[in-house]
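Residue numbers (this note's numbering), protein chains in the order written: chain A, 1311 to 1698; chain B, 1311 to 1698; chain C, 1311 to 1698; chain D, 1311 to 1698.
For the record, the hints were derived by calculation from the structure and aren't laboratory data. Possibly wrong hints are sitting among the right ones.
[Stated by the list, open to error] Simulated crosslink set (DSS-like; lysine-lysine; CA at most 30 Å straight-line):
hint : chain 1 : residue 1 : chain 2 : residue 2
1    : C       : Lys1657   : C       : Lys1604
2    : B       : Lys1522   : B       : Lys1550
3    : A       : Lys1332   : B       : Lys1602
4    : D       : Lys1482   : C       : Lys1602
5    : A       : Lys1441   : B       : Lys1602
6    : B       : Lys1602   : C       : Lys1683
7    : A       : Lys1494   : C       : Lys1482
8    : A       : Lys1676   : A       : Lys1525
[Claimed, not checked] Covered stretches of chain C, going by a simulated chain B footprint (3 or more residues, C-beta under 8 Å):
hint : stretch
9    : 1391-1402
10   : 1435-1448
11   : 1589-1596
Being a predicted model, the structure only gives us computed values, none of them experimental. For each residue, glycine too, the CB sits at the ideal point set by N, CA and C.
There are 4 protein chains.
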Amino acid sequence: MTDENTTQETIDGFHLVIDALKLNGIDTIYGLPGIPITDLTRMAQAEGIRVISFRHEQNAGNAAAIAGFLTQKPGICLTVSAPGFLNGLTALANATTNCFPMILISGSSEREIVDLQQGDYEEMDQLAIAKPLCKAAFRVLHAQDIGVGIARAIRSAVSGRPGGVYLDLPAKLFAQTMDAAAGKRSLIKVVDAAPRQLPAADSVQRALTLLKSAKRPLILLGKGAAYARADEDIRALVEKSGIPYLPMSMAKGLLPDNHAQSASAARSHVLAEADVVMLVGARLNWLLSHGKGKTWGGAKAAERQFIQIDIAPTEMDSNVAIAAPLVGDIGSCVAALLEGMGSNWPKAPGDWTADVYARRDKNIVKMAETLAKNPPIMNFQSALGSIR
Amino acid sequence: MTDENTTQETIDGFHLVIDALKLNGIDTIYGLPGIPITDLTRMAQAEGIRVISFRHEQNAGNAAAIAGFLTQKPGICLTVSAPGFLNGLTALANATTNCFPMILISGSSEREIVDLQQGDYEEMDQLAIAKPLCKAAFRVLHAQDIGVGIARAIRSAVSGRPGGVYLDLPAKLFAQTMDAAAGKRSLIKVVDAAPRQLPAADSVQRALTLLKSAKRPLILLGKGAAYARADEDIRALVEKSGIPYLPMSMAKGLLPDNHAQSASAARSHVLAEADVVMLVGARLNWLLSHGKGKTWGGAKAAERQFIQIDIAPTEMDSNVAIAAPLVGDIGSCVAALLEGMGSNWPKAPGDWTADVYARRDKNIVKMAETLAKNPPIMNFQSALGSIR
Amino acid sequence: MTDENTTQETIDGFHLVIDALKLNGIDTIYGLPGIPITDLTRMAQAEGIRVISFRHEQNAGNAAAIAGFLTQKPGICLTVSAPGFLNGLTALANATTNCFPMILISGSSEREIVDLQQGDYEEMDQLAIAKPLCKAAFRVLHAQDIGVGIARAIRSAVSGRPGGVYLDLPAKLFAQTMDAAAGKRSLIKVVDAAPRQLPAADSVQRALTLLKSAKRPLILLGKGAAYARADEDIRALVEKSGIPYLPMSMAKGLLPDNHAQSASAARSHVLAEADVVMLVGARLNWLLSHGKGKTWGGAKAAERQFIQIDIAPTEMDSNVAIAAPLVGDIGSCVAALLEGMGSNWPKAPGDWTADVYARRDKNIVKMAETLAKNPPIMNFQSALGSIR
Amino acid sequence: MTDENTTQETIDGFHLVIDALKLNGIDTIYGLPGIPITDLTRMAQAEGIRVISFRHEQNAGNAAAIAGFLTQKPGICLTVSAPGFLNGLTALANATTNCFPMILISGSSEREIVDLQQGDYEEMDQLAIAKPLCKAAFRVLHAQDIGVGIARAIRSAVSGRPGGVYLDLPAKLFAQTMDAAAGKRSLIKVVDAAPRQLPAADSVQRALTLLKSAKRPLILLGKGAAYARADEDIRALVEKSGIPYLPMSMAKGLLPDNHAQSASAARSHVLAEADVVMLVGARLNWLLSHGKGKTWGGAKAAERQFIQIDIAPTEMDSNVAIAAPLVGDIGSCVAALLEGMGSNWPKAPGDWTADVYARRDKNIVKMAETLAKNPPIMNFQSALGSIR
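The shape of chain A in the complex, shown without the other chains (with noise of 0.2 Å):
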């Protein structure tokens, strides 16, 4: 596509990652340089992108994780192969587990030395070892692919429930060249990377006729619920339900921690207590009991059912039955149950939430006794009595 009059351009491996990763608003890249990726680096803060170096790619890979969750962007980490590309991938392994968005983008060695396993500087087949510890992975072998490689990173990384991507970019990659008009096309400004998912409305309703016929319901709002920033709808929910809520420790801040309805100082009451529940970002994990046993009141579980908002259908009945499975982003489902409850929505049945509140208020006080006894041994109150 040139004119005769103007001399060939080209664009190699290095700049077409780069321009991959700034077309698509990613400004900050955390790392630790080394062969392979030394030029990537260089080249990336020539072209504007922030580099953050750190000492060990594990910190590096935790900061690119928590920016993630932070900024709904995924995170970039950048290492080099093998022991690096290792560190990085424990961070990475976290990420997926706590749901934040990363990649993890490391250099590798060549493909026909390690295949053969002929003892290559850094020889590990990367792409192998990183699948079972993220949500994706995948390997660039030609330059004009490096336009779908980042897209598809990105794409992987938060659509759905977010998590950790690998990106797998052998050291002769950087070297290659094309075409620069070419190169350009070849580069994917990812559209609408983490899509809206919208709830049916019999699953909504649903919902609703559950929660209706509860006598001492209680909302769960957990790490997916901070994620979602749906911060005014949820506290909407909160308020118009009239329900008494617990915040996981990820979701601490979504409300004030003084909010009249809060139940955190009655935790193991309304956990043993509740008829049903209704989770929002939650898991019925460890940090949950998985749903069971005596935190969740022993043999009163039998009678529980739970209403669980969540992204990903196969997190519905991973620990126990959720009669009430509302599957879609927090945001949609959210907006969905206050459209759906209309405007004379019965509160909570009162009875129980005076039975919170009044628990919650006498564990404050307790709770502010011992503190001012402030003994002289150090122990959990005294700590926190110097904290305060």
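Given the coordinates of chain A, work out where chains B, C and D should sit on it, guided by the hints.
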């Protein structure tokens, strides 16, 4: 712990598996009996499940997979351990690639011997082997978890993009017993196993705007469209838009072969010439030349834009850039498009459709003439003639 | 490097594979032709290799594996990609478990599409899938590496403990060409593919000391003894020591069934009573009840001591403690024992051997009587009678 | 089963692990305590094991690995589950690549929750994750199998080519109890953990014949030679043969730097010119340019022949053809060569050795001159000068 007037009834692992399947409407098992699942087969029959036996597990697996595709319920394949498992695994891998909902249930050897690699009968870490070849894989170690295990397998097989799931049931599990009432309570009747997933309004609008701007639009119907059972809405979309369409081989029959808008007999022409292509449950894989190259008009490819309807957000941009992704289940997306098109949607440009249908009709005549000549030697045409 | 009067000759990947196999004495291929190895099959036949085709890759793989066991040369199984590969993989896993030397060669799809998961024809990372199920796995990307790839596969299959090896040959490899002379030089004729491995003198002495101290010694001959082709030395060891022996099923025929020292018809007795057991190429796996429990006399097991001859040091202590490990190839170990025993080795204690042979003879008579009664209904005994 | 006068004593999993380690001479653990191995660390110290704690598991793992290399006993690294395990895994992978004997012992979460993927605390199938990155991996589920598990781990780490082994100990295992006497009997004191492996006479002869025929022979000493602790025999081999030698970096110190036959200062020359190269525990990996290319004299490579001494038969032909493989432990192989050389072995050709030493001496003088000039700016030479 029972009071003296009642008989303590127990239930074993065999019957928990059978009851869990029946509770979820599974009425057929495809398999090949043997250690350690011989009795499971026999008991399942006694409990009214239809057991269809095969002489090789691979055939059983393929039958289960296609049954899954036809019924939208996961097809169940039951095998013995190690070689039986591996035979079924080939079918499972195939089902996953083909998006057929299927569950491979295999008996397995004792964990303690497998994990120490002491040479057990048919020793193999089947769970780890299966994982890279299916959507999800689970192992159940305790009778009280059978209900959760079956529920997770069903959800994983049919929700989102359908596919294969592996469920590992160790030999020891079947003989475990538990209180019958507790056992019954531990089973889960899956609610809304394949939740509908509605697209967001702005993504629908984006797709319609692009479709309306097209000069040479084309609709491609894929296997996903066939699986969706939204035949009427899909037909309405095609006819309301007046756009020529191509069915992939697995979508044949969704619309009649002689539909006025069919471009089947002008396939090469429309793929090379269309400027906007709407993929309905069709993937840009090797069957579509990855959306690139000569098949797609070579240089013209740079000007083409794609609308893609798919339940998996990670399918977008997997081969080429998708200008208007529509992420959701096919039925919900097509319904949303129809609603968004309103009552006075303009038909596809007449010069393009006239051109397409003229070529198609010419090709049909030419093919008929070739067949009529009925050459004495066996070739593609004579074979077709004989079949007619 | 060619002189000017000659035509530059080239060789392609197909012929490098064929020549490399022939150079190493491989004269037979078991397989099922198809894309991308169709031409390889055809050309191999043209070059004088015997190609035996099957209707399912698993049967081809099983044939190759057993040919490997019988000939001590790796049996070659050739398959297409993805499903063909998976079918062959079942046989490969079986061969590895059974210590049969075998090489599964499968064609595979293009790396760039597989690694980006773009939906290639029969897309699968076959190398990664195969690794957990075989001794070694290699992929060859360049024509000049075919020689190394075949050599490594052969060595891996037959050296140490024999087993299955996977060799991945991508479709593109076959069509690559290189200078014919350089190609010929790139091939490797493997020297001493299965090197003998002699035991150290002190480990031989340790074994002999223990054997001499035994009051109720027993020799167990396993599959490894049969594979070793050291029949004469093994017979000499048995006869010189005067110890009763038991053959495992795969070691039948190593010594005649009616050998005076055979304890086959007194199996339960000798396993439960022996105080020192010498395992010759036999593993203490499920076929031998893991060396523990009722089969081995229950409480008496605590007093028993094992001598184990095996080429794999990691087989030692895999199920019970091995008091005298003898690590080396069976032939070398047995020869070293014979030499160490010298010319006046004491026979096994007469009270023990008399007891064993008396029980054996009684059991044989009893079995004969049972068979003689020839009951009219079909059972185990009548079936055996008919066969005689 | 105890008689009435004795107290039934029990032993728990913690102490079985500790006793098994001590029984096998393990006196040091490198690690980082935490759930679920906190108590193990504490109790191990109480039982006299030295516990060296680190602030990151990777450092503990690297320390354990290098301790293994220096002592020929496996270095033990102890970590918590999931992230602690992954941190240790990087060191384990490194140890395996470097042939350092090491055992990574990690606590792990409950199987039933991990296998159903229900979100356990630090849920991860660590056994499956570790396998591709180590020589062997085992998981122990029952207290009575701890002895076998530790024994297998030790054997796997030090026998054949040394390397990393992973041992998975689930949290539940530690609290299991069993009869103390039975527990003691279940422990295994490993006999001959790293059995010597003697080469066959014909392979020794083949190597000597080739060596004798050489015009420009070279000996390359690698890390394996250093690990073997056969310093005297290796020196005797070098001196008896009169062949110039090169030490790899990990073999420095095996012979004094100023040994008369050292070719270190003529490295480029000898690699490019030697016609027969004997590799003693050195691999033809990237550090040796894979035995090919410019480093090795380019076109001359076609005429070169290799003798390779290595304990792993599969190392042979891994990069180039090995004309005379000598498979066995370094000590046994070198001893066999010395014996085979007899008393009147001819020294290496004088023209070759004279040439090598002349070049070496010239290079040393040149280097000394360059250093003497002591340039004011910091460069490679000035740095070296300062160090001196």
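To see whether the hints hold, each was checked on the structure:
no., hint, result
1, C:Lys1657 <-> C:Lys1604, "holds (29 Å)"
2, B:Lys1522 <-> B:Lys1550, "holds (12 Å)"
3, A:Lys1332 <-> B:Lys1602, "holds (25 Å)"
4, D:Lys1482 <-> C:Lys1602, "holds (24 Å)"
5, A:Lys1441 <-> B:Lys1602, "holds (28 Å)"
6, B:Lys1602 <-> C:Lys1683, "violated (78 Å)"
7, A:Lys1494 <-> C:Lys1482, "holds (28 Å)"
8, A:Lys1676 <-> A:Lys1525, "holds (28 Å)"
9, 1391-1402, "holds (count 6)"
10, 1435-1448, "holds (count 5)"
11, 1589-1596, "holds (count 4)"
Checked against the numbered hints given earlier, this structure breaks only hint 6.
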